[in-house]
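Keeping their order, the protein sequence lines are chains A and D.
For the record, in the first sequence the residue sitting at position 267 is 267 according to my numbering, with numbers rising by one throughout.
For the record, in the second sequence the residue sitting at position 57 is 57 according to my numbering, with numbers rising by one throughout.
If you are wondering where the hints come from, they were derived from the structure by calculation, not from laboratory data.
What you are looking at is a predicted structure, and each value in this text was computed from that prediction instead of being measured.
Using N, Cα and C, we set each Cβ at its ideal position, and we do this for glycine too.
You may find that some hints are simply not true.
[Claimed, not checked] In silico contact screen, one side only, chain D against chain A (beta carbon under 8 angstroms); selected entries:
(1) Pro177
(2) Pro204
(3) Ala205
(4) Trp233
[Unchecked claim] Non-contacting residues of chain D with respect to chain A, defined by C-beta distances greater than 10 angstroms in every case (computed):
(5) Arg77
(6) Gly171
(7) Ala275
Protein chains: 2
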Amino acid sequence: MSERPADMAVAATARIARHEPRLRAFTSYDPVRLRQDAEAAPAGPLGGLSVGVKDIIDTGDYPTAHGSPIYAANHPRNDAACVALLKAAGALCVGKTVTTEFAFFRPGPTVNPHDVSRSPGGSSSGSAAAVAAGMIDIGLASQTAASLTRPASYCGIVGFKPSYGRYALAGVKGLAPSFDTLGTVTGDVATAARADAVLRGPVPASPRLDARPPGRIGLCRTPWWPEAEPSTWKAVEDAAARFRAAVPVDDVDLADYGAAADLHITIMSYEAAQALTWEYACRRDMLSPQVTQLIETGRAIPYETYRDALRQASLLRQRVQALFDRYDALIAPAAPGEAPLLEHGTGSPIFSRLWTLLRLPTITLPGLTGVNGLPVGVQLLSRFDGDDDLLDWAAWAEKLLPLRPAPALGEG
Amino acid sequence: MSERPADMAVAATARIARHEPRLRAFTSYDPVRLRQDAEAAPAGPLGGLSVGVKDIIDTGDYPTAHGSPIYAANHPRNDAACVALLKAAGALCVGKTVTTEFAFFRPGPTVNPHDVSRSPGGSSSGSAAAVAAGMIDIGLASQTAASLTRPASYCGIVGFKPSYGRYALAGVKGLAPSFDTLGTVTGDVATAARADAVLRGPVPASPRLDARPPGRIGLCRTPWWPEAEPSTWKAVEDAAARFRAAVPVDDVDLADYGAAADLHITIMSYEAAQALTWEYACRRDMLSPQVTQLIETGRAIPYETYRDALRQASLLRQRVQALFDRYDALIAPAAPGEAPLLEHGTGSPIFSRLWTLLRLPTITLPGLTGVNGLPVGVQLLSRFDGDDDLLDWAAWAEKLLPLRPAPALGEG
């Protein structure tokens, strides 16, 4: 925090030089620009913090490829609103981080800092790995299904997906506008809260974080609990037991929300097919089989089916409000288990589809581990627009979990 | 429709050459490219129709300046989803049309085809003027406050702002995401319906339009009726009388929705300040006083005030649903009166703020005139997501109104 700008740039460059050859978290960064940017950075509430920008987010200084060869040489004219906010608050943007293709499923080159044979999760792969390895303080990330929560869980870091709409999406490539949500991955809740006070913009808010317990927690194993691995079962039960020592924790049954996963898939597929119309019409040969399949799934959905799914999703959002009359916060699984091996892809989004559909704020907390000793996160959720309270509760909850395991990083 | 592509390009070029020097509806078009595009256009449901693209919408062939000198030389890599859909359906994109700066209030050079001393309305100024002058069949337009309805009213054409979210916004510069809605201006309802079947994408729907009356119409003068001019009072009462000869038309009192206008201003200002963060932070000297004022208004609004306005807007959207148990459609003023003189700007958005806030579909219908013989439109509205019915009812209503006045266009 007290580093001189030039020292900060040198330190960031050294960290990246050390870990990047093995982790491959960045699509582009430039030590010369980094130093210039550090010298030019204004004073502000994020002074001394470094940021990595997921490569579906426009930047005027670096190319923005959206994880696709179609945009390999794409140089936007301007920074996205979120990047401009962070820079104006004194943060140092050190480069662009790897995303899966259009924030969907085709992985980039990034590996998991805790085990380089495993996935960092997707789609915010590079931001999560870079934070876990200490290369950056704040990773800009986004979620349409599970693209922030899952990599945070796999990489053993904090992932904050705020309420839908809290951070402006201007300059962020969209996949499914009903769900697309910008958020952050960070090393701890305090850093997420500092970034939040700036990113909710347009004017930085006064930083505030009051670590305090929620009054009552609901333990929501979700209808997909049987699909989780023992690592996740154990992590969620362990977290619940730790919280229960301080506040009431009751089981919450959301069995009748099981349709949410299919609703989410219907809406996401349809909207992705709309959003990627040009790419499918004019650059189809440059799309992966995964994205092509997503688009073609969307194209096969009748318009009426899509609109009906939107209506049902809206009703679920209204219905879930009553749940938060009884519980301040929920805890739930963040991912099915530990990070999968690279050859198995970026993992299943099943434990986030419901919450993304409901547009609720969620913070993934690290500290617990699975059967192989790898990180397993748990989600803490709150009511829509309850982000300020959720950050406070997460700062409290974070302290009840074990110290997060540091990745055993070699010398690259 | 049966024109050969080359003939169509020649005819479009001739129409533009004739009227454009006086009307100044286009920011860019290229007769050579037009001919090439016509030869290459695929067969499809929009074959033979020409399109103008509002210049906040990305196009790979033409620059996209958003009505701002900041983006004067901005050349996107790709077409927006809406443009790709229209092209794939066989439509011929003839160029980019004038928008006010960032679709807000600073006018471009376009004049009203019915009286060149008057405004075409904004922000979809060029698309509306070009349709009114017969230079294009379909104008892509958008609305965040009244940017589609008002120019349609002033230019004496059909303006269709569908339900929020019906047309994908991928590749469209956003101003206030809670309201930004893509739509069309056209010469008649049938053309709007043909475009709709394509634009609601990703796959063109079967064209269908069944001109039929709604069961019951509500006449909604709105809480802002006293702010309208006699031209608008007369047009709305005249339209109501014509419809009443065929179906029941009852007065509807929405006096208790009066707060909607301020809610709309709060949300739009806050979100515009977020969306234009980079422009304000890094190119402030290139912003107009109007946009600067909008951003600074937004920056002065506390976050909690903004989120509270969002909650109130959501409640109004739920409440208005019951109105459509009693009325299939509403008719309402489209603008305060005839087009204002150029020096008075693009006119007041007051008669659209409520409907934009409520996210309802609306069609502005031409045919009536004001005290100076200039066009005055009326809005026909329906329930959220009732777009298909609304198009059918508008096709019926259109026939009950006088033939629209053709602009008395000289030879440029």
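Hints and how they fare:
{"no.": "1", "hint": "Pro177", "in the structure": "holds, 7 angstroms"}
{"no.": "2", "hint": "Pro204", "in the structure": "violated, 11 angstroms"}
{"no.": "3", "hint": "Ala205", "in the structure": "holds, 6 angstroms"}
{"no.": "4", "hint": "Trp233", "in the structure": "violated, 36 angstroms"}
{"no.": "5", "hint": "Arg77", "in the structure": "violated, 6 angstroms"}
{"no.": "6", "hint": "Gly171", "in the structure": "violated, 7 angstroms"}
{"no.": "7", "hint": "Ala275", "in the structure": "violated, 4 angstroms"}
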